[in-house]
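Q: Listed here are the chains, written in short residue letters.
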Amino acid sequence: MAQRLRKLFRGFVFLIFLINGSHALASDYTVENINSFADYLFDNEDYYRAITEYERVIFMFPNHPLSNKARFQIGMAYLMGEKWEIAINHFENLVKNYHDQEIGKQSFFMIAETYYKKKDYQQAIGAYKDFLENYSDDHMHDEAHIRLGWSFLRINNINKAQKEFRSVSTYSPKRAEAEKVAQEVIKINDAPHKSPLVAASLSAILPGLGQLYAERPGDATVSFLLNGLFIWGIVEAFNNGNNALGIILTGVGLGWYTGNIYNATNNAYKFNQREKIKLIDGLEYKYDLSFTCNRDKK
Amino acid sequence: MKIINQIPLLLLLLLFNSKQFVYSQDLVPWSVSGKYPVINDSSHQIYKQLDDVINSNSNNICLSLIKFYQVFISPVDGDRCLMYPTCSQYSFEAIQKHGSFIGIIMTTDRLIHESEEQDFAHFINVGKNYRYIDPIENNDFWWHSD
Numbered sequence: 003m004a005q006r007l008r009k010l011f012r013g014f015v016f017l018i019f020l021i022n023g024s025h026a027l028a029s030d031y032t033v034e035n036i037n038s039f040a041d042y043l044f045d046n047e048d049y050y051r052a053i054t055e056y057e058r059v060i061f062m063f064p065n066h067p068l069s070n071k072a073r074f075q076i077g078m079a080y081l082m083g084e085k086w087e088i089a090i091n092h093f094e095n096l097v098k099n100y101h102d103q104e105i106g107k108q109s110f111f112m113i114a115e116t117y118y119k120k121k122d123y124q125q126a127i128g129a130y131k132d133f134l135e136n137y138s139d140d141h142m143h144d145e146a147h148i149r150l151g152w153s154f155l156r157i158n159n160i161n162k163a164q165k166e167f168r169s170v171s172t173y174s175p176k177r178a179e180a181e182k183v184a185q186e187v188i189k190i191n192d193a194p195h196k197s198p199l200v201a202a203s204l205s206a207i208l209p210g211l212g213q214l215y216a217e218r219p220g221d222a223t224v225s226f227l228l229n230g231l232f233i234w235g236i237v238e239a240f241n242n243g244n245n246a247l248g249i250i251l252t253g254v255g256l257g258w259y260t261g262n263i264y265n266a267t268n269n270a271y272k273f274n275q276r277e278k279i280k281l282i283d284g285l286e287y288k289y290d291l292s293f294t295c296n297r298d299k300k
Numbered sequence: 382m383k384i385i386n387q388i389p390l391l392l393l394l395l396l397f398n399s400k401q402f403v404y405s406q407d408l409v410p411w412s413v414s415g416k417y418p419v420i421n422d423s424s425h426q427i428y429k430q431l432d433d434v435i436n437s438n439s440n441n442i443c444l445s446l447i448k449f450y451q452v453f454i455s456p457v458d459g460d461r462c463l464m465y466p467t468c469s470q471y472s473f474e475a476i477q478k479h480g481s482f483i484g485i486i487m488t489t490d491r492l493i494h495e496s497e498e499q500d501f502a503h504f505i506n507v508g509k510n511y512r513y514i515d516p517i518e519n520n521d522f523w524w525h526s527d
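In order, the protein sequence lines correspond to chains A and B. Sequence positions in the first sequence follow the working numbering and run 3 to 300. Sequence positions in the second sequence follow the working numbering and run 382 to 527.
Bound-form chain A, shown alone (with noise of 0.2 Å):
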């Protein structure tokens, strides 16, 4: 009797630790928990795990309203881990399937962010344009103007981004730091400046004066040397009567001679860009109004 009341004791528990256990094992696995798991992932920028959560999201759980914040998600994680048209595609499919939805409306947005995230800025203005014809009278026109400011201001034209950030409505809560920043997208012309045709001048003087104009010390001795000993064998060469030898290095070394003008001359350019970008970005930095992901992570 004893044995057999203990037997069935033994299958009372088990029966319990059974339901317990496929409870716990369902209750894990609702869309709620996958998806807050997926963010988590999204958080920490494991990006492919987190499109596999998501994905599972979508695959469990296809009606449920959080599947399209997944689907969302996923062009965000490819997004953000930087594959630039794989995101593209899955928000233009996006767009093409919710078009009349906020997030096919959040998406068509996205294209042109990944354009400006890309620093394709030409693409990103031309989308953002298609933004704002396609989704007129909405709460992120302002955000679609600020943003084809900042765009403009990257690719140097300097008025279209001004009229850009004064298009923003009155009535924005953006509206007066994107006067400000309308304001101050002038200092940008009093950036540091290096000319390009006296970097190129000084160089064809005097290999490696122009980089150390443009103030790059270590290409100055590398052109400098390498000009230099090359100079030094074509003169020894055919002071020494070996004229072929001469030709020969006289050939290899105009290469590196016109090498070390262009270089000086692309430093020049690389220079003055470098500090227009510095300002453009303390700017963003400045006013917060820089690239949504970035501006969302502070």
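No wet-lab data here; the hints were simulated from the structure. Incorrect hints may have been included.
Stated by the list, open to error - According to the in silico footprint, chain B covers these stretches of chain A (three or more CB under 8 Å from chain B):
#1 222-231
#2 256-263
#3 268-279
To be verified - These stretches of chain B come out as covered by chain A in the derived footprint (C-beta under 8 Å, 3 or more residues):
#4 477-487
#5 491-498
#6 514-526
Glycine included, each C-beta is placed from N, C-alpha and C at the ideal position.
Using the hints provided, position chain B relative to the given structure of chain A.
A: Structure of chain B alone, referenced to chain A:
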């Protein structure tokens, strides 16, 4: 008989472990299929580039010389270029894009500036290596628009 009595306990253990089993499905090897390009890492692109180099039919002597260097000399010489694209690939692309004359000038420019460029360029993961990114567009943007 005693073993039969322990079956419920074993089942219990299995049940708890089954949850871990479900989660461990995330740890299967990642696909390298082009269908899921998020994990299509650059190391595969490098092999593709090499295939392209070998299979491309070019009449340009400069490109042929670079191809010869990339396929036969560089693997023996060792992978030492810290830039991306590597100097030989940069030269190849520059000549393809702008022709031999400008391409050679741009190559000499790259050879002069590559060491100091590392102070300004972004560091990126390319296959198994980390390299400083310095594409053609960064050096012809002031006279050529793509």
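Q: Evaluate each hint against the coordinates.
A: The hints, checked one at a time:
1. 222-231: Result for this restraint: holds, n = 3.
2. 256-263: Coverage by chain B holds for the stretch 256-263 of chain A (5 residues, Cβ < 8 Å).
3. 268-279: With 6 residues close enough to chain B, the hint holds.
4. 477-487: holds (count 3)
5. 491-498: Since three or more residues must qualify, the claim that chain A covers the stretch 491-498 of chain B holds, with 5 doing so at under 8 Å.
6. 514-526: holds (count 4)
Of the hints listed earlier, there is not a single one the structure fails to meet.
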